[in-house]
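Peer 1: Residue numbers (my numbering), protein chains in the order written: chain A, 8 to 224; chain B, 8 to 224.
Simulated from the structure, these hints should not be mistaken for lab results. All C-beta atoms in this analysis are idealised placements derived from N, C-alpha and C, irrespective of residue type, glycine included. Careful, some of the hints might be misleading.
What the hints assert, rightly or not - Result set (EDC-like, lysine to aspartate or glutamate): computed pairs, CA atoms no more than 20 Å apart in a straight line:
| id | chain 1 | residue 1 | chain 2 | residue 2 |
| --- | --- | --- | --- | --- |
| 1 | A | K65 | A | E23 |
| 2 | B | K65 | A | E23 |
| 3 | A | K65 | B | E203 |
Said to hold, decoys possible - Here are some of the chain A residues that sit facing chain B, going by a computed Cβ distance under 10 Å:
| id | residue |
| --- | --- |
| 4 | S19 |
| 5 | D131 |
| 6 | G155 |
| 7 | N157 |
| 8 | L160 |
| 9 | R171 |
| 10 | H177 |
| 11 | A194 |
| 12 | R222 |
There are 2 protein chains.
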Amino acid sequence: MAGRTRRDEQVSATREALLIAAERLFAEHGVHAVANRQISEAAGQGNNAAVSYHFGTKIDLVRALARRHAEGIEAGRVRMLADIGDSADLRDWVACAVRPVTRHVEALGASSWYGRFIAQVTADPALRAVTSEEFAAASPSMQKLQDGLNRCLPDLPAEVHAERSVMTRHLITQMVAERERALADNAPTSRASWRETANGLIDAVVALWQAPVTRED
Amino acid sequence: MAGRTRRDEQVSATREALLIAAERLFAEHGVHAVANRQISEAAGQGNNAAVSYHFGTKIDLVRALARRHAEGIEAGRVRMLADIGDSADLRDWVACAVRPVTRHVEALGASSWYGRFIAQVTADPALRAVTSEEFAAASPSMQKLQDGLNRCLPDLPAEVHAERSVMTRHLITQMVAERERALADNAPTSRASWRETANGLIDAVVALWQAPVTRED
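From just these sequences and the hints, can you work out the full model?
Peer 2: Here is the structure:
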């Protein structure tokens with residue numbers, strides 16, 4: 008039994024090393040530009056087939072990475088939503104959309120490649136469906152958030168609500184990727200911290216939800 | 008001389024066929040998932056090396072595609088800005104950011120792959136610099152637009168202005184890609200036309216620029 012456990016730990020450590028190496032290479036060179044062989048090498052695996060042995064295809068590896076992050080972000084969102092009271096206003100709900108993501112990335116520190124990885128995956132015709140599924144499965148809290156937004160904006164037409172949800176998701180994804188990229192490149196950032204970046208995003212997203220709806224006859 | 012001209016026309020038609028085939032395949036399968044050989048085949052070129060003969064590397068091909076669109080969008084923006092008067096308000100300036108893009112894509116009709124193509128390129132570590140250069144070179148009008156936004160929002164801190172410019176760019180890119188994808192997939196769209204999509208974007212972007220700036224001490 009003890010032997011079995013050590014073996015499990017070894018497998019687990021190998022998988023972890025492969026995930027970390029993959030995400031870094033994906034962020035720096037592009038998901039499709041990186042071969043599974045390069046990931047195995049970067050993870051210190053002598054066996055070039057380590058990725059396919061542990062994960063299957065590259066799509067399976069992308070799915071495993073997306074799932075990990077989706078679960079981390081969801082856990083943070085559940086904690087924030089548990090603290091939200093009946094008097095919550097639009098800004099409180101928008102904060103529950105933004106801060107779980109910026110806090111997750113901040114906690115990754117120098118190992119933060121998630122922003123650049125997920126921005127690529129979101130735009131990729133083959134990968135976007137895979138990761139949408141992972142995020143939907145890992146995010147039951149999103150319904151509570153949508154309900155909260157709805158209560159704050161009862162007159163917003165359903166299709167505009169849907170449109171602004173999509174805008175919110177893209178703004179968060181892209182601005183997180185922008186800041187992560189700037190930090191990695193030692194380039195100037197518009198904000199001094201992830202917390203300030205979240206403030207800027209929340210300011211913009213709250214205003215976006217409150218915008219009057221132009222209708223043409 | 009006449010022979011030379013026919014030859015030029017032939018070359019020009021081949022390049023055009025390659026660009027169209029490339030963009031469609033990039034939009035549907037992903038820029039990196041498509042081999043130059045597949046592009047040559049889809050363009051009806053017997054010679055598998057047609058892409059490298061006419062464009063060089065895939066990066067050169069991506070650059071040529073980005074340049075064409077950037078020039079088309081710029082031409083539309085120059086026309087809009089020529090009509091803008093001294094009494095222009097924030098919404099007029101934001102319209103000059105949004106409508107040249109939605110009109111460009113609308114004019115492409117069923118051959119619209121630009122939105123999905125440019126969303127991928129924007130997220131790609133190797134390609135984003137290439138296309139940023141093309142867009143910067145083709146967009147001298149952007150400075151006039153930024154100056155107009157500045158005049159409407161004189162108290163906005165420079166770094167927040169820069170941040171909201173980036174947000175505006177991402178929102179336009181991503182929402183154009185969303186609608187183009189939905190149309191290609193025969194999926195429901197939140198708006199009935201590109202003009203309505205532009206209205207929704209302008210509503211959101213105007214509000215985003217007007218949002219109060221939260222500062223923490």
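Peer 1: All hints, please: hold or fail.
Peer 2: Consistency of the hints with the structure:
1. Between K65 of chain A and E23 of chain A the alpha-carbon distance is near 15 Å, which keeps this suggested pair within the 20 Å criterion.
2. Of the pairs offered as hints, the one joining K65 of chain B and E23 of chain A is violated, with about 33 Å between alpha carbons and a cut-off of 20 Å exceeded.
3. Between K65 of chain A and E203 of chain B, the direct Cα distance comes to roughly 39 Å. Violation of the 20 Å bound is thereby established for this hinted pair.
4. Nearest Cβ of chain B to the Cβ of S19 of chain A: about 29 Å, over the 10 Å cut. The hint is violated.
5. Using the Cβ-Cβ criterion of 10 Å, the hint placing D131 of chain A at the interface with chain B is satisfied: the shortest such distance is roughly 5 Å.
6. Interface hint status for G155 of chain A: violated, as the beta-carbon distance to the closest one in chain B is roughly 19 Å, over 10 Å.
7. Hint status for N157 of chain A: violated, given a least beta-carbon distance of 16 Å to chain B, over 10 Å.
8. The restraint placing L160 of chain A at the interface with chain B is violated, with a minimum CB-CB distance near 13 Å, outside the 10 Å limit.
9. Given hint, R171 of chain A at the interface with chain B, holds; its Cβ is 7 Å from that chain's nearest Cβ, closer than 10 Å.
10. Interface restraint check for H177 of chain A: the shortest CB-CB distance to chain B comes to about 4 Å, inside 10 Å, so the restraint holds.
11. Hint on A194 of chain A is violated. Least Cβ distance to chain B is approximately 12 Å, over the 10 Å limit.
12. Contact between R222 of chain A and chain B, as hinted, is supported at the beta carbon level, the nearest pair being about 8 Å apart and thus within 10 Å.
Going through the hint list in order, the structure does not satisfy hints 2, 3, 4, 6, 7, 8, 11.
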